Amino acid sequence: VSPDFRSPGGLWSRYDPLVYCEYNMFVRQPQKFWEMATALTTDIHLTNGGTEEELFRTGVLRGARPNAAHTSIAELERLGCVTACITQNIDGLHVQGGATSVIELHGRQSSTTCMSCGMGYDTEAEVVPQWIEWHRNMRLPDSTTAGPFVPRCPSCQVGVLKPDVTLFGEALPTGAY
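Sequential numbering of the sequence shown, starting at 1, is according to our numbering.
Treat the hints as calculated values from the structure; they're not laboratory data.
Note that the coordinates shown come from a computational prediction; the quantities given were computed from them, not determined experimentally.
Check the hints yourself; a few may be wrong.
[What the hints assert, rightly or not] With beta-carbon atoms standing in for the labels, derived distance ranges:
#, residue 1, residue 2, range
1, Asn67, Arg14, 17 to 27 Å
2, Ala39, Leu79, 31 to 41 Å
3, Val158, Leu79, 42 to 52 Å
4, Glu133, Asn24, 41 to 51 Å
5, Glu124, Glu53, 11 to 21 Å
6, Gly147, Leu79, 13 to 23 Å
7, Asn67, Ser155, 34 to 44 Å
8, Glu133, Gly10, 26 to 36 Å
9, Pro154, Glu75, 37 to 47 Å
10, Glu52, Gln96, 16 to 26 Å
Glycine included, each C-beta is placed from N, C-alpha and C at the ideal position.
Based on the sequences and whatever the hints tell you, model everything.
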């Protein structure tokens, strides 16, 4: 189960998209985006039966899973009834559900790119461990200087990692149109 964006109680009712998901704001204050992203990730983990202790002790995330709609699209593709799935979703569930020809108009959250050197990373392999380490440090008695969570590039050590999703004010990814 994953929350939606626009319904009452959806993501945009809690986080103003022009503050948390606008490209120029991300460049100036990336911690805003990452504040929202980590809260959303925690919500999804808890909604899918995980606990905070499990998440921050083991680093195992319980994410959303493909539902009948995702697997039905894959089946229609296998039957030759559709040639591609075009989606605005960034969760990758169409691919996990079995669809092979998926055009992700708004990118995907499973990968990140360094804003300085351009190196790409798997979000779960690079960002999640940094987040868990940050969270553990924040719980220590002397954590007042830890600051907000902003994942950094392990290659150049200075660049901010940005998820490969289309933020407001940003062009669609190459190949999405």
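Status of each hint after checking the structure:
For Asn67 paired with Arg14, a C-beta distance near 23 Å keeps the hint of 17 to 27 Å intact. As the Cβ distance of Ala39 to Leu79 is approximately 40 Å, the hint placing it in 31 to 41 Å holds. Distance hint for Val158 and Leu79: a CB-CB separation of about 50 Å, consistent with the stated range 42 to 52 Å. Between Glu133 and Asn24 the beta carbons are some 29 Å apart, a value that contradicts the proposed interval 41 to 51 Å.
The hinted range of 11 to 21 Å is satisfied by Glu124 and Glu53, whose Cβ atoms lie roughly 19 Å apart. The beta-carbon spacing between Gly147 and Leu79, approximately 52 Å, falls outside the hinted interval of 13 to 23 Å. The hint said 34 to 44 Å for the Cβ distance between Asn67 and Ser155, and at roughly 37 Å that hint holds. One distance hint, 26 to 36 Å for the beta-carbon pair Glu133 and Gly10, holds here, with the actual separation near 30 Å.
Between Pro154 and Glu75, the C-beta spacing of about 40 Å keeps the proposed range 37 to 47 Å intact. For Glu52 and Gln96, the Cβ-Cβ distance of about 25 Å falls inside the hinted range of 16 to 26 Å, so the restraint holds.
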